[in-house]
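Asker: Below are the chains, spelled out letter by letter.
2 protein chains.
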Amino acid sequence: MKPLQALRAYARGPWREDLVAAAVVSVLLIPQSLAYALLAGLPAEVGIYASLLPLLAYALLGSSPYLGVGPVAIVALMVAQATAAAPAGYSASQAALVLAAESALLMAAAAALRLDALAALMSVPVLHGFETGATLAIALSQLPALLGSPAQGSELPALLASAAGSGWRWHAPTLGFGLAAVALLLLGRRLLGGLWARLAPLIVLLLTLGVAWAVQAQGLGVPLVGALPALHPRLQWPPLDPALWLALLPGALLIALIAYVSSLVVAEALARRRGERVDPRRELMGLAGANLAAAFSAGMPVAGSFSRSALLYDAGSRSRMSSVMAALLMGAAALSLAPALAWLPRSVLAATILVAVLSGLQWRPYLEAWRYARAEGLLMLAVTLLVLNVSVAAALGLGVLGSIALLLQRTARPHVALVGRVPGTEHYRNVDRHEVEILPEVMGLRIDESLLFTNARSLADVVQAQLTQHPGTRRVVLQMSPVNGIDYSGLEALRELHESLRRQGLRLDLSELKGPVLDRLRAAGWERWFQGQVHLSHHQGMTAGQAQDWVSP
Amino acid sequence: MKPLQALRAYARGPWREDLVAAAVVSVLLIPQSLAYALLAGLPAEVGIYASLLPLLAYALLGSSPYLGVGPVAIVALMVAQATAAAPAGYSASQAALVLAAESALLMAAAAALRLDALAALMSVPVLHGFETGATLAIALSQLPALLGSPAQGSELPALLASAAGSGWRWHAPTLGFGLAAVALLLLGRRLLGGLWARLAPLIVLLLTLGVAWAVQAQGLGVPLVGALPALHPRLQWPPLDPALWLALLPGALLIALIAYVSSLVVAEALARRRGERVDPRRELMGLAGANLAAAFSAGMPVAGSFSRSALLYDAGSRSRMSSVMAALLMGAAALSLAPALAWLPRSVLAATILVAVLSGLQWRPYLEAWRYARAEGLLMLAVTLLVLNVSVAAALGLGVLGSIALLLQRTARPHVALVGRVPGTEHYRNVDRHEVEILPEVMGLRIDESLLFTNARSLADVVQAQLTQHPGTRRVVLQMSPVNGIDYSGLEALRELHESLRRQGLRLDLSELKGPVLDRLRAAGWERWFQGQVHLSHHQGMTAGQAQDWVSP
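Quick note, the sequences are listed as chains A and B, same order.
Quick note on numbering: UniProt numbering labels position 312 of the first sequence as 312, and the sequence is numbered without any gaps.
Quick note on numbering: UniProt numbering labels position 107 of the second sequence as 107, and the sequence is numbered without any gaps.
Honestly, the hints are just simulated from the structure, not real lab data.
Please read all numbers here as calculations on a predicted model, not as lab measurements.
Worth double-checking, as some hints may not be accurate.
Anything over 10 Å on all C-beta distances counts as not near chain A; from chain B, calculated [stated by the list, open to error]:
#1 121
#2 125
#3 247
#4 268
#5 359
#6 368
#7 372
#8 373
#9 406
#10 414
#11 453
#12 469
#13 485
#14 492
#15 500
#16 534
Derived list of chain A stretches under chain B, where covered just means 3 residues or more per stretch with a C-beta under 8 Å from a C-beta of chain B [as the list claims (entries may be wrong)]:
#17 33-40
#18 66-76
Glycine included, every Cβ here is placed at the ideal spot set by N, Cα and C.
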């Protein structure tokens with residue numbers, strides 16, 4: 001379909017739904033954008049800038065019709081940690097621009113090199129553990145603003161030290177505004193349904209803003225958001241000092257990874273609701289474009305946000321045009337509403353963040369993962385604790401390494417089953433678990449793993465152990481249906497097993513070898529040493545040229 | 001069997017074979033021990049010390065009756081590189097003692113923590129690539145001694161720079177001795193068989209030693225081994241400076257890994273010849289004991305050597321007592337023969353090392369690995385080049401990371417097959433590869449991989465893609481025989497697939513679930529959300545309550 005035709009089809013069709021969705025989303029996003037910019041340690045208006053041009057860039061390059069891109073809480077937390085690495089002389093805003101630019105370039109490079117599959121390194125335990133930890137860290141970082149305390153920090157030790165350093169001070173009127181906002185938000189969430197529930201934060205903001213103005217809260221010492229500088233969106237280069245770029249690179253790498261993976265998870269979850277699919281590479285391109293746009297328009301690193309996306313989805317978005325409209329509407333709204341926002345108490349903004357992020361907390365996965373696999377449950381917990389007490393980098397590092405270690409351990413110790421025939425069928429199962437019958441001279445073995453370097457050294461050992469228990473064996477048939485691949489180490493192990501059995505006067509046959517596996521063996525010229533037979537089914541392998549004197553094992 | 005009884009049984013039985021083996025091995029090992037000590041950049045007599053007490057310790061703690069423990073070429077090369085990290089003020093000999101002590105402690109810790117399985121990280125491509133690279137590096141390091149050049153180094157760039165710095169000098173009489181030795185060794189290898197071939201190096205050494213004495217080679221400027229200091233084996237603590245231990249720890253870690261894995265490979269290869277098995281943990285204990293003994297008796301890090309072990313095996317060793325006898329005999333021989341060895345030209349010693357290590361080179365695995373799996377062939381080559389041009393640490397690092405990356409890639413992109421029935425059987429195979437028949441309303445799918453975090457995100461996608469091609473489907477039966485495990489991420493993916501199919505009005509059934517996998521699913525309470533059926537065989541799953549109107553796909 002040509003662009004013009006596409007535009008015409010769009011004008012006839014879903015634009016109305018998109019416009020409604022955009023209008024709803026744009027007003028809701030203004031306070032959220034301010035709040036996440038403050039969370040990242042940046043001036044509040046940066047959040048507005050990051051919600052304009054990046055949305056247009058994503059709409060142009062991305063693929064999901066529902067993904068709402070903009071400042072998100074977890075990335076904001078990571079920006080706050082990462083900008084600390086900037087050399088002296090650079091402001092946090094400048095560092096944030098470089099982080100956005102670097103993340104964008106890393107994502108574009110990953111898309112070009114087809115590294116989108118690296119997202120798979122974030123296992124569910126790592127991702128959930130990380131998101132929970134980050135959410136708690138975000139909540140912690142908002143406590144001082146809610147309490148009117150001068151303390152700051154998002155990791156537990158830093159926050160406690162800072163609070164102790166300031167003599168555990170707090171400010172009653174500030175806390176009053178904050179608690180009132182929390183109460184109203186929770187009430188709204190409970191009493192209202194559907195879109196009204198989503199509008200509740202806006203209503204609460206307007207309400208508290210009015211009260212703050214009426215009681216002249218500034219005079220009571222309540223910190224307010226304050227007047228935003230006049231907004232004038234403009235394009236400009238981020239700082240180009242190599243030393244600055246180098247210092248921020250590790251942080252940018254983590255931000256790119258988390259921004260991509262968390263956006264992908266959101267896009268996939270929403271696509272799945274309609275039986276649709278997501279193109280991971282296009283998502284990567286879309287996010288790269290959005291972050292590049294942020295870097296050039298005085299913004300901060302952005303990602304797909306679950307709350308923004310759910311808003312778009314629930315408000316009836318049909319295409320990525322709704323993001324474009326939202327950006328335009330929001331630009332207009334921000335220009336006109338910004339002066340009023342100056343009266344908003346900071347503790348109210350902290351309250352909206354607290355309620356928003358804490359409502360997403362899920363503890364059930366910890367219990368489920370623990371029940372399903374102790375090690376994975378522990379990994380999830382460890383990642384959470386590291387985010388809270390050490391740093392995002394340490395948590396993700398341990399998480400990825402831990403996941404890989406568990407995978408290696410899994411392939412290293414394969415389950416081995418002596419299999420026999422389920423009577424009256426051609427189906428073979430583990431003799432220890434099912435009522436089956438075996439042939440005394442033919443040993444059917446199933447090794448439940450691909451033959452890989454992690455287990456190659458134990459293959460001959462495992463078979464030898466079974467042979468010691470069944471001295472009458474004259475032929476061994478390996479059922480290869482669980483063997484999904486054989487690497488070069490596995491090939492050597494198979495050759496050694498074949499040789500070891502041949503020395504003992506035993507023949508090694510294989511059955512149910514998968515097509516791709518057999519292709520590779522043939523290409524490597526295995527017929528030069530392999531003297532056994534390859535049978536299509538294990539039943540054929542067991543009964544080939546054999547008297548069928550089945551016995552119980 | 002009690003110790004005394006065991007000793008009596010031994011006195012009646014295999015002691016004669018062991019004594020013969022020990023006598024042969026002990027004389028052969030003296031020059032080799034000197035040579036490897038020099039290769040490690042240590043005084044020659046250190047090689048003798050490392051061949052005495054460590055053998056006794058291994059005999060006490062190890063398990064293999066054939067493994068010959070002592071100084072080996074590859075470990076000597078690693079010691080030469082590692083001792084460079086010692087702080088100023090410590091001799092290479094002192095650093096070598098600390099390396100031996102640290103390797104021993106690391107091995108003992110690994111045995112205690114049951115980390116012997118970490119040996120699996122060394123895949124065949126990495127191990128072969130490393131051994132070939134190390135062998136070439138050893139050969140390179142011997143060239144200056146053979147040529148009578150003052151150059152030194154084992155990595156190519158360092159050696160070339162050093163040779164250029166010395167003006168490419170060489171010394172004709174020294175080279176003459178060296179080339180004569182090489183020629184005689186190659187000739188002996190070609191003309192002699194069996195044990196005589198193994199004795200050839202000793203004969204060549206005695207011969208050239210005699211000539212060097214007769215022509216007074218020292219006067220010609222030929223570097224000789226020189227008088228060894230009087231040997232007096234003694235026990236003493238290695239230096240205990242924490243700074244020294246910390247500086248050498250990375251080197252010791254690599255030495256422990258390589259010493260263990262290369263010893264294990266030798267022990268397993270020899271055990272396999274007799275259908276016996278090796279206990280990896282006891283090997284680890286044995287090597288730990290041997291290295292600790294080396295550290296306390298003025299030795300150097302030791303490992304199981306293929307040439308020593310093959311000698312013991314061929315000479316008819318029956319038990320680890322032969323190692324004990326060899327140590328005793330060698331101690332006696334070294335005391336009496338040492339003065340004569342002073343006349344041995346160093347170029348002859350270099351020649352014996354060159355011929356010994358180069359004869360073990362195998363190029364065929366590179367070709368085989370390349371043919372079988374490009375990536376693994378490239379990895380093997382890259383590891384070799386890194387050993388030669390950069391360092392042992394870089395090569396092993398890249399090798400282990402590369403192997404893991406290939407494993408992740410393998411599990412990340414599972415092969416998926418639509419399966420149909422082989423007519424007249426209950427056996428199901430890929431419709432693209434076999435003449436099979438299918439049921440139009442029941443889709444049988446086989447996903448050839450465990451459900452793991454690396455592929456969890458693509459499971460629903462893959463099934464959805466198949467459904468798009470077969471719109472008439474009303475039930476999906478996943479054949480789970482290739483699924484050897486499901487981690488927590490895989491469990492979530494299965495739940496999401498189930499949910500996504502349910503939304504589309506499709507039922508998800510599973511067949512041929514393995515016992516251990518089903519146990520885990522049940523323990524996690526999957527019956528709370530799983531509404532399909534689990535069938536024993538895929539045939540039962542396909543035909544359950546179904547009109548059997550088989551058609552060709």
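Asker: For every hint, state whether the structure bears it out.
Answerer: Hints versus structure:
no. : hint  : result
1   : 121   : violated (8 Å)
2   : 125   : violated (6 Å)
3   : 247   : holds (25 Å)
4   : 268   : violated (7 Å)
5   : 359   : holds (21 Å)
6   : 368   : violated (7 Å)
7   : 372   : violated (4 Å)
8   : 373   : violated (6 Å)
9   : 406   : violated (7 Å)
10  : 414   : violated (7 Å)
11  : 453   : violated (3 Å)
12  : 469   : holds (14 Å)
13  : 485   : violated (6 Å)
14  : 492   : violated (5 Å)
15  : 500   : violated (5 Å)
16  : 534   : holds (13 Å)
17  : 33-40 : violated (count 0)
18  : 66-76 : violated (count 0)
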